[in-house]
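As given, the protein sequences belong to chains A and B, one line each in that order. Here this note's numbering is used: position 335 in the first sequence is 335, and no number is missing along the way. Here this note's numbering is used: position 102 in the second sequence is 1102, and no number is missing along the way.
Calculated directly from the structure, the hints in this document are not laboratory data. The structure displayed is predicted, hence computed values, not measured ones. Treat the hints loosely; a few may be bogus.
Claimed, not checked - Short derived list, chain A residues pointing at chain B, Cβ under 10 Å:
1) Leu53
2) Val57
3) Leu68
4) Gly149
5) Ile293
Backbone N, C-alpha and C define an ideal beta-carbon position, used for all residues, glycine too.
There are 2 protein chains.
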Amino acid sequence: MGLVVQKYGGSSLANADRILAVADRIRRAREAGNEVVVVVSAMGDTTDELIRLARSVSEDPNKRELDLLLSTGETVAATLVAMALEAMDCPVVSLTGAQLGIRTDRFYSRARIVDVQTDRVRAELSSGRCVIVTGFQGVTEEGDITTLGRGGSDTSAVALGCALGAPRCEIYTDVDGVYTADPRVVPEARLLPSISYEEMLEMAQMGARVMHPRAVELGEVYSLPIEVRSSFHERPGTLIQGGDRVEVRKRVRGIAHDIDVAKITIAGVPDRPGIAYAIFAPLAEAGVSVDVIVQTTNLAGNAEISFTVARADLSRALDLSQTVSRELGAQVESAANLAKVSIVGTGLQSAPGYAAKMFGTLAEHGINIDTITTSDIRITCIIEEHAVPEAVRALHAAFELDQE
Amino acid sequence: MGLVVQKYGGSSLANADRILAVADRIRRAREAGNEVVVVVSAMGDTTDELIRLARSVSEDPNKRELDLLLSTGETVAATLVAMALEAMDCPVVSLTGAQLGIRTDRFYSRARIVDVQTDRVRAELSSGRCVIVTGFQGVTEEGDITTLGRGGSDTSAVALGCALGAPRCEIYTDVDGVYTADPRVVPEARLLPSISYEEMLEMAQMGARVMHPRAVELGEVYSLPIEVRSSFHERPGTLIQGGDRVEVRKRVRGIAHDIDVAKITIAGVPDRPGIAYAIFAPLAEAGVSVDVIVQTTNLAGNAEISFTVARADLSRALDLSQTVSRELGAQVESAANLAKVSIVGTGLQSAPGYAAKMFGTLAEHGINIDTITTSDIRITCIIEEHAVPEAVRALHAAFELDQE
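Looking at chain A on its own, in the form it has when it is part of the complex (with noise of 0.2 Å):
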């Protein structure tokens, strides 16, 4: 007899028949003969609906109050599963993150697990009952509930898979799985099997938001394989896991895009210790999350900083680079309309052919790069956003992701 943890998305829950259809999944799983624990998300919209209606009444909710308040939408899904289950003979019983242990710190809105308490848990499972948990929320040491964060069902599921010594995490969601591009995009694009947990971080950060980067990373500290499929129909999804099988491939196992992009260059800066700093402490004191950075320097000694954020923060970042760059006699540009495209693989970097093939391809078609950014496993080019369509196709053509 295994253990099962799976967890469910709000687009996999948002009315009863899906409700319903969900629960007959976890009863199968069960009658197979396995233990079962179920994380589950608030119903389709309704963590939108909930902050709509905070901000219906304060324009800056306090934080406490709006994750207790956000927790609620958890709750009436879980006891819902709880409900349809035991109306099919499931012995069945729901946990809140307080009442099963979730711990976590007080950063109320973007909490961080610090414990998962199992006796509770462990005691519904040997008296024969599913156990159903609200994700995304937990519980501070005073017993004030927090919220993880968007994505935070999947760090949950994650969390209590590794917790209770699961073999595997399933995740459902309403995509068949990670592809080796946006299908919307490539139609050739083929789902993968199986993708290493790097892969799936650049390709889930590049992107591709099939699984919240955190929960990826959560699976392979504790080495916890994650499979992500639909929970609309049978087939297998893929299947994010570890080990040298992946590592020796050396190849492109998938393109990613983000067409929210925006980028701010800041040019004539002077080249000494402490520049970096005054330019992107103020922007991480007003929560701007900037993602790429890159940064070079001429023979004259002057440096160019270039970072792009995301385009709602554009008039933000640009505010307070241009406070900075008056002080420091420099000079701001800004660019709304860009893209990233990437190419993702396990040992890119150690395999130098895989840059010149994506440069190259860009260039065939005619697509000016605007910066280039990289990591161990990924190779970023920062493009015009009307190029990507094409560039995704040009891209994936060339690497063969359209084959076995």
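Starting from the known structure of chain A, arrange chain B on it as the hints suggest.
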């Protein structure tokens, strides 16, 4: 500096504007120098909506899960009121029943409060915060969430008032207070500035559904004065309290009526011990709440037992009564369109003129009395439903309730 315990019902919190109005009232109570503890119900029809949601996935939702589901309604309301207060620069914290420590037994959907812990709420008050508490809910020793049944938020508020030793508890609702009769039936009905616990209990149980009887009983036990008043204006309401001042009046305080009455009569019942048990035990097991019970025995030694139930329970009660009656060789009759009209006042029983005046008034108006039943402070006549408006108006005038 006094301690004020307030409770706001669902209609007082139905939307963002109402929540802001409630928050402003709380702020003023605090700025007047009080420590303020506020108990809230779920917004508007939230509880009914959650029950509908539960029924959409299960015909007979598990009671533990249903309680946890319903408890989210009050949590949403409490956090929104807290956010609104914070936006008014009023220090505040919301606490769920579990966080505050409202301990109950394990009878889901109708739990009884066994203990109210006051450490956390006192600590929050000491640090200068208003405390917003979710009504209607508590927590078992094992950490499971329970609800107190309909009207449970009134009980939460009075229990908190008692536990904290508050000088009084204010119940804010969408009516102005307790009237001498239903103002929709009797335009001359007068708002009572005060009423005794016992009178309020009789008024409440007989259909003047201003406040839950359970909460009134609790207030009586702890001698906590309760003011029922409107959240929609600033005028004072009705103070429910004990004391001789009320007792010595010995007059009719109000006319209550209830049109949700169905009657079952079992005739030709052998008059021997155990018969009443045989009839009522199956009803109790089936969860049918029986109200008025009247038994008479004729000279031939045959008893006739009549009792009333809510109309929704009539067909179930009739089925059970017919089964028992067949075994006893008795006959069953039922009537659906009945109603109760009552005069309520401390000391009615010891002043016999009141009963005669009531019966005479109804007779003058040609209203037939089906059944009579009395308590120390109430005389109730069961009459036909269509006669209720005339009966209530006639009694209101006969007992001069339109005058101080």
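Structure-based check of all given hints:
no., hint, in the structure
1, Leu53, "7 Å, holds"
2, Val57, "4 Å, holds"
3, Leu68, "5 Å, holds"
4, Gly149, "18 Å, violated"
5, Ile293, "36 Å, violated"
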